[in-house]
Amino acid sequence: MASVLIVDDASFMRMMIKDILTKNEFDIAGEAANGQEAVDMFKELSPDLVTMDITMPEKDGIAALKEIQGEHPEAKVIMCSAMGQQSMVIDAIQAGAKDFIVKPFQADRVMDAINKVLG
Amino acid sequence: MSSAPHMEAQHVNAITNAAVMIVEQHLGIEAKFSKPYVSGKQFLASDISVVMGVNGQLEGQIICTMEEKTARSIVGNMMGGMEISVLDDMGWSAIQEFGNWVAGRAASELAKAEAVIDISPPVINEGHSRFRMEKTFLTFPLSSAAGEVYLHVSITPSNRS
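Which chain is which? The protein sequence lines are B and P, in order.
Residue numbers 1 to 119, in this note's numbering, belong to the letters of the first sequence in order.
Residue numbers 120 to 280, in this note's numbering, belong to the letters of the second sequence in order.
Quick caveat, the hints were computed from the structure, so don't treat them as lab data.
Where hints are given, some of them may not hold.
Claimed, not checked - Cβ-to-Cβ under 8 Å is the rule here; a few derived chain B residues that face chain P:
#1 Met15
#2 Ser81
#3 Ile101
Stated by the list, open to error - Where chain P lies over chain B, by a calculated footprint (3+ residues, C-beta under 8 Å):
#4 20-33
#5 52-59
Stated by the list, open to error - Dumping the calculated SDA-like pairs for lysine to any residue here, alpha-carbon to alpha-carbon at most 25 Å:
#6 Lys18(B) <-> Ile28(B)
#7 Lys231(P) <-> Asp60(B)
#8 Lys23(B) <-> His145(P)
#9 Lys18(B) <-> Ser248(P)
#10 Lys188(P) <-> Thr135(P)
#11 Lys59(B) <-> Ile243(P)
#12 Lys18(B) <-> Gln106(B)
#13 Lys66(B) <-> Met111(B)
#14 Lys18(B) <-> Val242(P)
#15 Lys151(P) <-> Val102(B)
#16 Lys66(B) <-> Gly199(P)
#17 Lys160(P) <-> Glu127(P)
#18 Lys18(B) <-> Ser192(P)
#19 Lys18(B) <-> Met201(P)
#20 Lys254(P) <-> Val131(P)
#21 Lys151(P) <-> Gly84(B)
#22 Lys18(B) <-> Thr135(P)
#23 Lys18(B) <-> Ser204(P)
Heads up, the beta-carbon is just placed ideally off N, CA and C, and yes, glycines get one too.
I would like the entire structure built from these sequences, with the hints used as guidance.
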């Protein structure tokens, strides 16, 4: 079963995403609360997929995405952000994100994106 | 005495539309703004305040305030219709995220009005507080079945843009 690293500074959002994933029989590789934790945990855990928030303290999600992609070009990262303006989506996709989910989201949207990326 | 702040109508509309979209479309709570008013350079906030900084082509703050029972009702909706009697750590995180959703959607709506902004991670203030600022705030009362939510907005074009 595919493993997922959940990255979001809000414990509420981590809980929501974890709930969606566990109901769909995914393994939770770990949870990170900022971009730096995400970079460190990716190295340590090598998850199959990462869900990455953007607006976070210490290191934002775009910076973490670039760092992860720089060291692991095969990494599969889906951005999950409330900041859904076009320029942000383009930045993320250019930095290597596989998809971009705008918060708040429905569970179906999350699963569609994950299944497509892991497909 | 505070004069009306110089905020462009399209920017203000983008922010209020964003709040209504989040409350109505995502939380399924009917909501409507009543007449905005000038709060001036200070205002007394309700039980809970979600404070968000705005940077980019516009700069300033969006402060979202509400009574605790309104926050509990919103959090209950965010958690799929649960009855929330006390805001625990997860509840506080949820109300912080509610502010993030409103500000994030506002950023998307502002982009349509050709104003690119970024939002700082929200900070929660608990308890009645008097906020004092250099710039003037406009207050937008949003009435809903969950209770009243007040959006206090002060955004002006950035000198750096």
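Hints, one by one, checked against the model:
no. : hint                    : in the structure
1   : Met15                   : holds, 6 Å
2   : Ser81                   : holds, 7 Å
3   : Ile101                  : violated, 12 Å
4   : 20-33                   : violated (count 0)
5   : 52-59                   : holds (count 3)
6   : Lys18(B) <-> Ile28(B)   : holds, 7 Å
7   : Lys231(P) <-> Asp60(B)  : holds, 24 Å
8   : Lys23(B) <-> His145(P)  : holds, 21 Å
9   : Lys18(B) <-> Ser248(P)  : violated, 35 Å
10  : Lys188(P) <-> Thr135(P) : holds, 22 Å
11  : Lys59(B) <-> Ile243(P)  : holds, 20 Å
12  : Lys18(B) <-> Gln106(B)  : holds, 13 Å
13  : Lys66(B) <-> Met111(B)  : holds, 24 Å
14  : Lys18(B) <-> Val242(P)  : holds, 24 Å
15  : Lys151(P) <-> Val102(B) : holds, 24 Å
16  : Lys66(B) <-> Gly199(P)  : violated, 34 Å
17  : Lys160(P) <-> Glu127(P) : holds, 18 Å
18  : Lys18(B) <-> Ser192(P)  : holds, 23 Å
19  : Lys18(B) <-> Met201(P)  : holds, 18 Å
20  : Lys254(P) <-> Val131(P) : holds, 16 Å
21  : Lys151(P) <-> Gly84(B)  : holds, 24 Å
22  : Lys18(B) <-> Thr135(P)  : violated, 31 Å
23  : Lys18(B) <-> Ser204(P)  : holds, 24 Å
Hint compliance for this structure: hints 3, 4, 9, 16, 22 are not met, and every other hint is.
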